[in-house]
Amino acid sequence: MSTAAPERTPRTTPRGPWRRLTSAARAAARPVYQGIAAGSLSSSAVGICVSALALTILGSMMVLSASSVEQISKAQSPYALFARQVGYALVGIVAMFAASRVPLRWWKSRTLIFWLMSGTIALLLLVLSPLGVEVYGNRNWLALGPLQFQPSEIGKFALVLWAAWGLAKTPQVAVSVRAALLPSILGFLATFALVMAGGDAGTGIVFALIYAGALWFARAPMKIFRWSAILGVAAAALIVVASPHRIQRVIGWLVPSRCGASDACYQSNAGLAALASGSWWGEGLGESRQKYNYLPEAHNDYIFAILGEELGFIGSLVVIALFTVIALSLARVILRSSDRFVRIAAGCMLAWYIGQAFVNIGMVTGLLPVIGIPLPFISYGGTSLMMSLFAAGFAMSLTRAPTHPALELSALEEPERTSRLEN
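Be aware that the sequence shown starts at 223, since it is given in my numbering, and climbs by one per residue.
Hints may be right or wrong, so weigh each one.
[Unchecked claim] Computed Cβ-Cβ distance ranges for the label pairs, DEER-style:
1) Trp-328 x Arg-242: 43 to 53 angstroms
2) Ala-495 x Arg-327: 47 to 57 angstroms
3) Ser-351 x Ile-279: 36 to 46 angstroms
4) Tyr-301 x Val-463: 37 to 47 angstroms
5) Phe-580 x Ala-495: 19 to 29 angstroms
6) Val-477 x Ala-543: 32 to 42 angstroms
I should point out that these hints are in silico values taken from the structure, not numbers from a laboratory.
Values in this document were obtained by computation on a predicted structure and should not be read as measured data.
Virtual Cβ for every residue (Gly too), placed ideally from N, Cα, C.
Using the sequences plus the hints, can you model the full thing?
This is how it looks when you write it as structure tokens:
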């Protein structure tokens, strides 16, 4: 006589040291999450708006200071780039407030998202055509008559909407990986591949960060992140070894003693010298010495070095504090919103702004190898500034989404990420 096998009692505690550690970390972080989520989402909109405007104003001032000497050396007006940056800022600010009033249902429109992504891919393809413009070895500009812009900056926002829409279609991404991941990952791979085909590794990193943020806040299985990390390291190694100049930069970053005053290390050394001379309070606004044609791209990728030299460590902390306000404001949206699309989109924006700022500041301070990537809101550049401000308006519009009560955070109550891929 056979007896029925006893039912297996579900395990109620995490298995293995890693899961016990993550469970303990989650419990310890819960008060922090509750503190972030305690405020209203209207305060998040204010935080994003004020921080974006403050960074833009500070950036315009630093563009004037960092670019004036170079413009004079070219027999041009010292205010030329500053005037352009202010014009870009005004257009971007108008776009920011306009985007902040767009209803959420419009952002979630499948038609809008499809045509925006399709248009972005078409523009990125044109960049690789004779209409594309190569700057410092990167083919990431498109010239259409008198208009010259970077389609990849538009692509960042297109990827935010595309990834949030694709991953929000199912309540839990692990329930149907095929249905949830395929639309979003195809859009990511297409835009990422086209950007990398133009040689713009810095922007490619930002695209990868945006999509990684989408997967994380969609609660994708950890197996995806493990394989992505392996493939990412392999791809980064291939990108480095494909360029002798990149090899020299990485070697100089890993072994500074072997770098010396070579061309590959000149920019990073000049940037570190600018930061060091700034000390606590800086040399004073407009008093930088490195901007006298010593530091390449002083008004662009390396503007944080000039800021640190003129405004010192305290000024640098102010910039980091403003980005922190943006991060906390977006984190509140993620924790409080009951709309899955909104949570994923806010996570993408968090990865975009904070990831790009971290890479830029890390590059300038020597924590990361030199990568051509601008500092959001601050570096000179029309397309970058206008799209950063427009995206800030989009982030502000997310704060009008339905919310959970402050102490009933669904993001904290969702089940743990599964390590298996189902379906």
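Evaluated hints:
no.	hint	verdict
1	Trp-328 x Arg-242: 43 to 53 angstroms	45 angstroms, holds
2	Ala-495 x Arg-327: 47 to 57 angstroms	52 angstroms, holds
3	Ser-351 x Ile-279: 36 to 46 angstroms	37 angstroms, holds
4	Tyr-301 x Val-463: 37 to 47 angstroms	43 angstroms, holds
5	Phe-580 x Ala-495: 19 to 29 angstroms	22 angstroms, holds
6	Val-477 x Ala-543: 32 to 42 angstroms	33 angstroms, holds
Violation of the numbered hints given earlier is absent; every hint is satisfied by the structure.
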